[in-house]
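These are the residues of each chain, in order.
There are 4 protein chains.
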Amino acid sequence: MAAVQNQTPILPKLNPTDFQIPTLGECTFPTPPTRSEIISENERILYQSRFSDPSKLNPSLAFEVAGLRDHMFFDPHDINVGIVTCGGLCPGLNDVIRAITYSSLGYGVKKVYGFKFGYRGLSRQGRSYILLDTKNVNTIHYIGGSFLGSSRGPVPPEEMIETLKLLKISVLFTIGGDGTQRGAKFLQDKITEMGEKISVIGIPKTIDNDILYVDKTFGFDTAVEKAREAIICAHVEAKSAPHGLSIVKLMGRDSGFISAKATLASGDVNICLIPEEPFTLEALFKAVESRLLRQNHCVIVVAEGAGAELMAKIQPPVKDASGNLKGGDIGVFLKEQIQAHFKKLDMECTTRYIDPSYTIRACQPNASDAAFCEELGNKAVNSALSGKTGCIVGFWNQQFTLVPFSLITRGRKMVQLDEHMWCTVKAMTTDVTGRQ
Amino acid sequence: MAAVQNQTPILPKLNPTDFQIPTLGECTFPTPPTRSEIISENERILYQSRFSDPSKLNPSLAFEVAGLRDHMFFDPHDINVGIVTCGGLCPGLNDVIRAITYSSLGYGVKKVYGFKFGYRGLSRQGRSYILLDTKNVNTIHYIGGSFLGSSRGPVPPEEMIETLKLLKISVLFTIGGDGTQRGAKFLQDKITEMGEKISVIGIPKTIDNDILYVDKTFGFDTAVEKAREAIICAHVEAKSAPHGLSIVKLMGRDSGFISAKATLASGDVNICLIPEEPFTLEALFKAVESRLLRQNHCVIVVAEGAGAELMAKIQPPVKDASGNLKGGDIGVFLKEQIQAHFKKLDMECTTRYIDPSYTIRACQPNASDAAFCEELGNKAVNSALSGKTGCIVGFWNQQFTLVPFSLITRGRKMVQLDEHMWCTVKAMTTDVTGRQ
Amino acid sequence: MAAVQNQTPILPKLNPTDFQIPTLGECTFPTPPTRSEIISENERILYQSRFSDPSKLNPSLAFEVAGLRDHMFFDPHDINVGIVTCGGLCPGLNDVIRAITYSSLGYGVKKVYGFKFGYRGLSRQGRSYILLDTKNVNTIHYIGGSFLGSSRGPVPPEEMIETLKLLKISVLFTIGGDGTQRGAKFLQDKITEMGEKISVIGIPKTIDNDILYVDKTFGFDTAVEKAREAIICAHVEAKSAPHGLSIVKLMGRDSGFISAKATLASGDVNICLIPEEPFTLEALFKAVESRLLRQNHCVIVVAEGAGAELMAKIQPPVKDASGNLKGGDIGVFLKEQIQAHFKKLDMECTTRYIDPSYTIRACQPNASDAAFCEELGNKAVNSALSGKTGCIVGFWNQQFTLVPFSLITRGRKMVQLDEHMWCTVKAMTTDVTGRQ
Amino acid sequence: MAAVQNQTPILPKLNPTDFQIPTLGECTFPTPPTRSEIISENERILYQSRFSDPSKLNPSLAFEVAGLRDHMFFDPHDINVGIVTCGGLCPGLNDVIRAITYSSLGYGVKKVYGFKFGYRGLSRQGRSYILLDTKNVNTIHYIGGSFLGSSRGPVPPEEMIETLKLLKISVLFTIGGDGTQRGAKFLQDKITEMGEKISVIGIPKTIDNDILYVDKTFGFDTAVEKAREAIICAHVEAKSAPHGLSIVKLMGRDSGFISAKATLASGDVNICLIPEEPFTLEALFKAVESRLLRQNHCVIVVAEGAGAELMAKIQPPVKDASGNLKGGDIGVFLKEQIQAHFKKLDMECTTRYIDPSYTIRACQPNASDAAFCEELGNKAVNSALSGKTGCIVGFWNQQFTLVPFSLITRGRKMVQLDEHMWCTVKAMTTDVTGRQ
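Chains as they are written, first to last, in the working numbering: chain F, 1 to 436; chain G, 1 to 436; chain E, 1 to 436; chain Z, 1 to 436.
Errors might be hidden in some of the hints.
To be verified - Simulated restraints on C-beta separations: (1) Asn-58(E) x Asn-15(G): 18 to 26 Å; (2) Asp-75(E) x Asp-431(G): 17 to 25 Å; (3) Lys-135(F) x Gln-125(E): 40 to 48 Å; (4) Pro-59(G) x Arg-124(E): 53 to 61 Å; (5) Gly-25(F) x Gln-416(Z): 26 to 34 Å; (6) Arg-124(E) x Asn-296(Z): 43 to 51 Å.
Stated by the list, open to error - Take a look, some chain F residues computed to stay more than 12 Å from chain Z by CB distance: (7) Arg-98; (8) Tyr-129; (9) Asn-136; (10) Lys-239; (11) Thr-280; (12) Gln-295; (13) Gly-305; (14) Ala-308; (15) Gln-339.
Derived by calculation from the structure, the hints in this document are not laboratory data. By construction, the Cβ of each residue, glycine as well, lies at the ideal position given by its N, Cα and C atoms.
Generate the whole structure from the sequences, applying the supplied hints.
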């Protein structure tokens with residue numbers, strides 16, 4: 001068998017300076033008595049802790065630790081902070097908003113501004129916010145979505161700075177995906193350029209769990225839970241029909257984490273297709289055929305970004321009304337291709353197509369995600385008070401880290417085809433790569 | 001305001017004889033000692049118990065009571081029984097299969113045959129079955145779907161009778177919707193014609209709860225539960241977006257029970273569209289517009305059969321590859337119409353379309369449905385042993401009843417626009433009928 | 001086998017006048033245009049619709065229908081209303097509060113007062129309330145419990161009337177069990193005596209579903225759902241241990257509805273003990289023994305009020321610190337008795353005791369209960385506006401009814417041992433009554 | 001404020017040899033073509049990757065990586081394997097059993113023996129097993145508990161070896177807690193002593209997540225999920241009563257992981273008590289009092305092992321019938337102490353005590369745990385085939401590791417009071433340590 005090709009795009013080589021966190025200046029305000037862990041400035045979490053050759057362990061590639069320092073840059077009683085949520089929904093948004101609000105107010109912060117509908121709430125024209133307090137955020141974690149509303153799209157940094165200065169905001173927490181954090185980077189660059197003392201701290205949000213240099217992002221666990229529910233239904237449908245075939249399309253435009261993990265969690269998936277591993281229709285047809293004949297039913301999980309090239313060849317993207325190129329839907333495409341194939345074979349195949357879509361992302365976080373959000377919010381506030389800026393709060397080897405915007409926006413994390421997770425998926429499912 | 005037009009098609013006037021249950025003959029075998037209720041043959045459940053004029057109460061229109069009699073037609077130790085599940089999935093199928101199996105074996109029945117994939121398992125060519133016992137059905141109620149498999153499509157009564165006689169089956173339990181029970185009626189007619197002593201007892205299955213003369217069918221409650229989950233997500237999506245509009249399409253080709261009850265259960269639906277009440281696009285656009293401007297978000301629930309005439313006018317059905325007329329999807333249609341409308345208005349409207357489809361019907365029954373299935377299976381066996389045939393086990397005014405196939409197959413139950421359920425829905429939602 | 005003794009205490013014979021609903025006076029205010037069902041005053045729902053002898057059908061024993069009349073007693077724009085929740089928690093309280101608030105404000109009612117912590121919020125000393133509006137009740141249905149708080153204990157009617165008059169409240173909605181409605185009756189009697197024009201409308205709340213003359217109360221369905229979850233765990237524990245025995249204690253001091261229905265829903269219970277049917281320890285020991293030897297595991301469900309006399313004999317109630325007689329806990333009692341028995345036998349028996357207690361009553365209502373609460377609140381407001389008083393909103397034969405306080409407070413509904421539900425339970429479980 | 005005392009007992013200093021995994025001998029059978037990751041023997045996962053001083057990073061303290069090697073010790077087609085589950089239930093047991101079975105059979109293993117009810121199934125007298133295949137384990141992951149049954153108690157290694165040899169079993173997978181793995185160590189020691197070529201591989205099972213040198217064990221995540229549900233109910237009860245106080249007792253005899261993480265996940269806990277941090281009754285009373293006066297309600301979470309010394313002083317353990325010392329129940333103890341305190345104060349306090357017990361451990365695993373179990377089972381089989389023995393499959397820094405029995409049985413993992421998780425808990429809750 002040929003060696004597996006790792007599909008991850010080559011990322012630029014890492015340098016020690018890539019891990020350096022910008023700061024607003026010296027911390028001179030003594031941290032008030034606390035039971036919290038006080039992090040010393042030279043503590044680090046090693047980036048790469050798996051090794052064959054010990055001499056290759058590189059301690060200069062390491063993350064800073066998120067959390068309180070023995071001195072603060074800001075006196076919390078003197079400042080206001082702001083929160084904004086951008087992009088698509090993700091389970092746990094309200095938990096993060098609540099945690100930041102409670103934590104900030106716990107330190108004595110004067111006002112917590114919650115901007116409405118993403119960056120547009122910080123724009124000149126769309127300026128809009130809610131003053132958050134322990135009363136109005138008290139029960140928001142029982143409900144999915146974002147209490148602040150969310151939307152996509154950038155706003156010129158100058159406008160956002162204008163708003164921040166107008167409201168005397170010293171810290172802005174940006175909850176969003178890599179696009180959002182790219183926007184946060186522009187904002188922080190401009191702030192630095194203008195010499196303002198405003199911290200910008202990101203909390204990475206991606207239901208796909210594809211942020212670089214971060215083990216885990218909030219909402220992913222919950223998404224897998226919901227995805228498993230859809231797969232269980234798909235399996236039931238397939239088993240209850242003569243030659244039943246169910247196709248479940250899951251999130252994952254660039255990475256197959258949800259699909260792979262939901263496949264592991266379900267135990268009932270026969271074929272798992274992700275963007276990182278190409279497949280051929282011939283191998284797929286053959287796998288389904290053989291499975292139906294042998295076991296009478298078949299379950300396929302497909303990430304929305306899987307097979308993009310394959311589909312583009314057979315069904316080239318078309319221009320929509322606005323002139324944008326619009327590709328097909330891989331789930332619908334596979335359903336039609338497979339149905340046509342079995343019609344040609346004159347073989348029965350009862351096909352069901354399930355696209356759980358929004359019901360995966362609009363729900364409440366599960367307990368694991370909720371606990372994680374609580375800590376994320378807490379670490380974000382701690383780090384901001386310590387004068388950190390230009391970075392997100394990450395999680396690496398069970399520790400909360402700080403990772404520069406410039407590092408996480410270099411690309412997207414992908415499923416490693418030769419690592420344990422995907423290997424276990426392969427052991428449980430049928431290979432349709434068409435390789436010998 | 002104009003009086004509400006009740007949309008229910010006029011059903012033939014009922015006669016006392018319409019309620020009469022066919023029997024296989026005299027019951028001569030004494031019912032063994034039991035703690036079960038012994039029903040006397042002249043007990044009845046009144047059909048219509050709401051009245052204005054007491055003199056109009058008509059005791060001759062009344063249902064027989066399902067359950068054990070003091071004598072049985074069959075000696076259970078002498079017979080085999082069969083079970084078949086037909087049509088689409090519905091939560092609770094396995095619970096009914098399990099209850100019939102346990103109950104039959106409890107009476108000492110020799111063999112319980114479970115036919116595979118609907119009536120086709122009883123056909124000459126597709127003949128296929130599993131012998132059911134307390135071991136192989138023991139845990140099937142933890143899983144959705146049908147343990148026996150299901151499929152659509154009729155089989156000639158002669159072939160089915162051939163199978164029944166071959167396997168010496170004295171009772172066939174047909175679990176399915178009105179189509180299935182129509183098939184069961186043909187089968188029972190043929191059996192009568194041939195003078196066979198085989199009972200055919202139906203257990204009505206319709207996730208839409210639209211079987212005539214039956215208050216409640218299994219699976220409906222669970223479907224509403226799942227539909228509510230989808231609506232909660234829709235509501236969260238709508239509230240989290242600027243001018244967020246969510247459209248949820250639910251089951252209900254001919255009746256709006258799931259949509260209406262899920263609307264009541266959710267408390268967050270603004271517009272509810274069902275097949276029984278026509279609406280206009282103009283009124284719908286206006287309602288959405290006004291709601292978005294006032295409350296910033298809007299949730300629409302639409303039953304799949306709603307607005308069929310309206311859609312047909314604007315988007316006439318087209319012939320598919322097989323030459324069948326194929327209409328559009330009301331959910332997608334509404335989404336496109338509304339998006340086009342707001343584009344024309346140049347008003348922002350972030351639209352989400354949610355179609356929970358199979359995830360509503362492939363799940364396990366909730367506790368209420370599970371308990372109901374247990375009783376249904378039990379009453380079905382009791383009634384069959386008493387020599388009843390040609391009827392389904394119904395539920396009316398909290399009692400299990402017997403209803404002739406000929407009665408329930410006369411049409412479909414519809415939401416009564418002037419009764420309490422729909423009235424409460426109307427009180428909670430915006431009217432888009434376009435009537436003044 | 002001896003005939004089953006029905007344990008329900010003999011209730012006083014019903015008279016037609018028992019069904020009569022008090023009213024505040026003539027309805028002179030024309031009901032505004034509505035799409036709601038307009039109920040005519042002489043519409044009725046027959047009390048008893050099951051019959052053997054048609055001549056015994058008695059149309060004079062029938063319930064009034066809840067809902068709007070063509071004229072109202074109150075002009076909604078002129079009045080304030082109040083809501084109070086009393087007694088233990090029950091899933092759906094917040095849904096009823098929300099439905100009454102939305103419905104009242106929908107009719108133009110001026111103010112909706114929500115009294116805090118039961119009747120004490122209406123007392124002179126404990127007077128305390130929240131003004132309810134569509135904003136503060138908007139999301140309360142996502143959370144269990146009572147938004148208003150609840151507590152037990154009566155308050156003198158005079159004090160409550162003082163509060164009602166002070167706040168110019170014309171309708172008080174009392175959400176609570178039979179104790180609460182007895183209090184509501186005293187209040188309404190006093191109001192009548194004083195000639196005040198204040199309506200008192202009850203919404204019956206009993207998680208045990210034991211209100212007389214009402215088919216179903218809100219929260220019961222949800223309680224059965226949660227009870228089933230506990231039973232599933234109990235079953236898993238029992239099956240996973242050598243000679244595993246699990247005992248689940250469920251609510252039901254006077255009636256076994258939750259236990260019986262959860263037994264039906266679970267399909268895995270071997271012995272079900274309810275207050276209505278006595279049992280003997282000898283029969284119980286024997287049943288457990290034989291089950292463990294045959295099947296290796298056993299699941300017992302016991303309602304908290306079951307076996308009270310039996311336990312009192314062996315373990316007489318003792319006086320607690322306050323001098324009150326305090327009986328034992330039947331669940332713990334059975335666990336200890338059975339363990340002692342098997343120790344004596346020197347037979348292995350791994351016993352688990354599960355008491356899900358508050359986790360059954362503090363949760364959100366399921367969809368079926370939530371939809372029911374929505375309608376209950378709506379009918380309560382409709383009925384109050386029509387000048388009805390001194391009654392609760394019931395549910396009978398799929399219709400919302402009005403039932404006088406005086407009727408429902410005559411006793412408690414009990415499981416009928418010879419009706420279909422208990423008969424099915426008996427068919428599924430082992431008899432331990434010790435009768436031959 | 002005084003520095004926090006870390007309560008973790010001092011563990012023996014680690015040596016590089018402590019990490020060494022025993023093997024059965026040289027691997028000579030070439031691994032068949034696979035898409036799985038092939039681990040080279042010198043790959044390691046660093047034990048300690050957080051550092052202040054880079055020169056202190058110690059690559060000789062590192063875990064071996066679990067997984068396939070390029071050669072195998074066993075030819076899978078030649079061997080039988082066995083599985084045993086011991087101790088209390090934990091969500092995911094069936095998932096691990098299923099994963100090991102599927103994975104073993106996938107490699108061509110001849111027979112998979114599942115021993116009944118823990119080690120006793122391997123004893124001379126209690127010898128009992130099921131032959132596992134893809135059919136009988138196919139749906140066991142839909143149900144909690146252990147399909148094989150479980151029990152506590154050791155069996156002499158000689159008897160177990162007799163059974164293994166009798167059935168020609170080459171690998172035994174021991175799924176259980178530290179007691180079980182201690183037993184597995186004795187067994188493996190004896191096997192080595194006797195020169196047998198039998199591998200013993202442990203899969204660590206502890207719902208409390210307190211296995212040393214393992215980041216995460218299966219079932220913990222699910223337990224936290226269920227614990228959160230109980231806390232939500234407790235919070236609802238407390239908020240709905242006048243001066244409502246709810247106490248939730250959770251698992252955790254020696255460690256507070258479930259309590260701490262469930263507190264984070266809930267966001268509604270006011271006081272969290274764990275074994276690792278002592279507290280005083282005075283501080284507790286004061287905290288509850290002040291909270292009730294300020295916020296009217298209070299939620300306490302207490303791990304079963306918290307406050308053991310405190311309780312022992314006030315309520316010394318008593319000898320039970322068998323002469324064993326039996327301590328009290330901290331939950332009940334706190335409830336009584338607090339009630340007495342408030343009675344003395346004559347201050348109202350409506351106390352609810354919730355002990356979710358078995359309902360936390362007998363349920364199905366959530367998706368995250370299920371996926372983890374799938375990988376655990378897979379890695380266990382891979383590692384056994386490579387001739388590894390005397391170790392468990394661990395998880396460290398997102399990688400599956402092998403950890404010697406001798407290392408994990410040195411003590412128990414405890415909550416680190418100065419690390420991020422407990423710090424965040426402290427930030428959210430009230431301190432009752434009584435320290436100034």
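No chain Z beta carbon within 12 Å of Gln-339(F)'s: holds, 27 Å
Is the Cβ of Ala-308(F) more than 12 Å away from each Cβ in chain Z? Answer for Ala-308(F): holds, closest chain Z Cβ roughly 22 Å.
Using the C-beta atoms of Lys-135(F) and Gln-125(E), is the stated range 40 to 48 Å upheld? For Lys-135(F) and Gln-125(E) the Cβ distance comes to about 27 Å; the hint is violated.
Range hint 43 to 51 Å: satisfied by the CB atoms of Arg-124(E) and Asn-296(Z)? Since Arg-124(E) and Asn-296(Z) have Cβ atoms about 21 Å apart, the given range 43 to 51 Å is violated.
May I ask you to test the hint 18 to 26 Å on the CB atoms belonging to Asn-58(E) and Asn-15(G)? Holds, since Asn-58(E) and Asn-15(G) (Cβ atoms, about 25 Å apart) stay within the stated range.
Is it true that the C-beta distance of Pro-59(G) to Arg-124(E) lies inside 53 to 61 Å, as the hint says? This hint holds: roughly 55 Å between Cβ atoms.
Grab the minimum beta-carbon distance between Gly-305(F) and chain Z and tell me whether it stays above 12 Å. Holds, because the least Cβ-Cβ distance between Gly-305(F) and chain Z comes to about 21 Å, which exceeds 12 Å.
Taking the beta carbons of Asp-75(E) and Asp-431(G), is their distance inside 17 to 25 Å? Holds, since Asp-75(E) and Asp-431(G) (Cβ atoms, about 23 Å apart) stay within the stated range.
Could you tell me whether the CB distance from Gly-25(F) to Gln-416(Z) stays inside 26 to 34 Å? About 32 Å separates the Cβ atoms of Gly-25(F) and Gln-416(Z), which means 26 to 34 Å holds.
Checking the smallest CB distance to chain Z, is Tyr-129(F) really beyond 12 Å? Tyr-129(F) is indeed farther than 12 Å from all Cβ atoms of chain Z, at 23 Å.
Holds or violated: is the Cβ of Asn-136(F) farther than 12 Å from all Cβ atoms of chain Z? holds, 15 Å
Is the Cβ of Lys-239(F) more than 12 Å away from each Cβ in chain Z? violated, 10 Å
Checked against the numbered hints above, the structure violates hints 3, 6, 7, 10, 12; every other hint is satisfied.
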